[in-house]
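Chains A and B, in that order, give the protein sequences. Sequence positions in the first sequence follow the working numbering and run 1 to 181. Sequence positions in the second sequence follow the working numbering and run 1 to 181.
Hints listed in this document are in silico derivations from the structure and should not be mistaken for laboratory results. Keep in mind that the hints are not guaranteed to be accurate.
Copies of one chain are not kept apart here, so a pair can be met inside one copy or by any two copies together.
Heads up, simulated SDA-like pairs for lysine to any residue below, C-alpha to C-alpha not over 20 Å straight-line [unchecked claim]:
1. Lys2 <-> Ser95
2. Lys178 <-> Asn74
3. Lys178 <-> Glu76
4. Lys38 <-> Trp143
5. Lys38 <-> Leu22
6. Lys2 <-> Arg14
7. Lys156 <-> Asn173
8. Lys9 <-> His33
9. Lys178 <-> Glu79
10. Lys55 <-> Gly18
11. Lys178 <-> Asp75
12. Lys9 <-> Pro168
13. Lys2 <-> Asn74
14. Lys50 <-> Thr66
15. Lys9 <-> Thr171
16. Lys178 <-> Gln80
17. Lys156 <-> Val102
18. Lys38 <-> Gln145
19. Lys178 <-> Glu73
The chain contents come next:
Number of protein chains: 2
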Amino acid sequence: MKFCSQCGKPVSQRTPEGDNRLRHICDHCETIHYHNPKIVAGCLPVWEDKVLLCKRAIEPRYGLWTLPAGFMENDETLEQAAERESREEANTNLSIHNLYTVISLPHINQVYMVFRAQLNDLNFFPGIESLEVALFDESNIPWDQLAFGTIQMTLKLFFEDRQRGSYPLHTCNIDHRKPTV
Amino acid sequence: MKFCSQCGKPVSQRTPEGDNRLRHICDHCETIHYHNPKIVAGCLPVWEDKVLLCKRAIEPRYGLWTLPAGFMENDETLEQAAERESREEANTNLSIHNLYTVISLPHINQVYMVFRAQLNDLNFFPGIESLEVALFDESNIPWDQLAFGTIQMTLKLFFEDRQRGSYPLHTCNIDHRKPTV
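Excised from the complex, chain A in its bound form (with noise of 0.2 Å):
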């Protein structure tokens, strides 16, 4: 951030009165401008033994897999977040269960939130996101081809939590920040 959003002049960091942490404030108007983690919500669709997983059609990580996701927007709730981008980038058609892994991911300000959900048919398709979207069984999981970290993490703890036929909530965090001195 370089220029106030609200007057267009140029802001700088500056920590203010009551606060203890640098923000962006504006030199001109004096708007404080805060900036705080997004929120990627997500599905794991599941359809018998098999999960669906979509061939990213975008960077980053173009070419590889991942579980249907992407940044939550305003005016929906969670669930609809995450229903929605499984249907932009996979067409599918699912019901929601219960909301299954949350992983804060401090480095790069993000929290991903994934819902686990069932396949309610198989008319699935890519959307214009995806190269290619597919059910794997766990032994044809592409575990070297995944995206990201938390789609590793969200998989692992699946298919363990299914020998044991439950699926409660993990909360966990992914943190690559630098040590602070």
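For chain A, the structure is supplied; the task is to place chain B on it using the hints.
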């Protein structure tokens, strides 16, 4: 948003190619500015049969009671955000248990995420954003003096769950969006 935070020139609302939503786009440098929901992270701090509430010293809802909670910052995990907010508002020393309520508020573009937590001692005292901090048992909760619907919902669920002795995740919505025509 009226001006581009990258170049300071005016923005207008248009739908980018390949998108289906109006975005703020710079008329000069074409930067697309996305706006996404914010996470409010908080704690439900418990001591024996009591819960800790804070009387707000700031707007909105000055003078009403709340669980310690606030906007998650960049560079932190959800648990760190919840613990920090509780420390800032009530100088608590606590241990976080499980993620307990996740509440989407699509009409104000927020997702509340409240963790159950155990107070480790009684050395809490009001931070600068609180007029007062106190423990309440179920019969003394100031139900008509609570600051937010999310707080009321979380406390109601907690006292119901306590009867059963189990505190599973609750994923809920408080949706005051106007119906779309």
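**Asked** At most 20 Å between C-alpha atoms: does lysine 9 with histidine 33 qualify within a copy, between copies, both, or neither?
**Response** Close inside one copy (13 Å) and across copies (17 Å); limit 20 Å.
**Request:** First find the shortest C-alpha distance between lysine 2 and serine 95 inside one copy, then the shortest across copies, and answer within, between, both or neither for a cut-off of 20 Å.
**Result:** Neither way: lysine 2 and serine 95 sit 43 Å apart in one copy and 39 Å across, limit 20 Å.
**Request:** Using 20 Å as the alpha carbon limit, work out where lysine 9 and threonine 171 are close: within a copy, between copies, both or neither.
**Result:** neither (41 Å within a copy, 42 Å between copies)
**Request:** At 20 Å max between alpha carbons, let me know whether lysine 178 reaches glutamate 79 within a copy, between copies, both or neither.
**Result:** between (33 Å within a copy, 18 Å between copies)
**Message:** When Cα atoms must be at most 20 Å apart, do lysine 55 and glycine 18 count as within-copy, between-copy, both, or neither?
**Reply:** between (47 Å within a copy, 18 Å between copies)
**Message:** I want to check one pair: lysine 156 and asparagine 173. Are their C-alpha atoms no more than 20 Å apart within a copy, between two copies, both, or neither?
**Reply:** Classified as within; 15 Å inside a copy, 29 Å across copies.
**Request:** Please work out whether the CA atoms of lysine 2 and asparagine 74 approach to 20 Å or closer within one copy, between two copies, in both situations, or in neither?
**Result:** between (24 Å within a copy, 18 Å between copies)
**Intra/inter-copy verdict for lysine 156 and valine 102 if alpha-carbon distance must be at most 20 Å** = Result: close within a single copy only, 14 Å intra versus 23 Å inter.
**Message:** Within a copy, between copies, both or neither: which one fits lysine 178 and glutamine 80 at a CA-CA cutoff of 20 Å?
**Reply:** between (34 Å within a copy, 16 Å between copies)
**Message:** Cα distance capped at 20 Å. Does lysine 178 pair with glutamate 76 within a copy, between copies, both, or neither?
**Reply:** Intra 34 Å, inter 12 Å, cutoff 20 Å: inter-copy only.
**Asked** For the identical chains here, do lysine 178 and aspartate 75 meet the 20 Å Cα criterion within one copy, between copies, both, or neither?
**Response** between (34 Å within a copy, 10 Å between copies)
**Within, between, both or neither, where lysine 178 and glutamate 73 count as close if Cα-Cα is 20 Å or less** = Only across copies: lysine 178 and glutamate 73 sit 17 Å apart there, 29 Å inside one copy, limit 20 Å.
Hint compliance for this structure: hints 1, 4, 12, 15, 18 are broken, all remaining hints hold.
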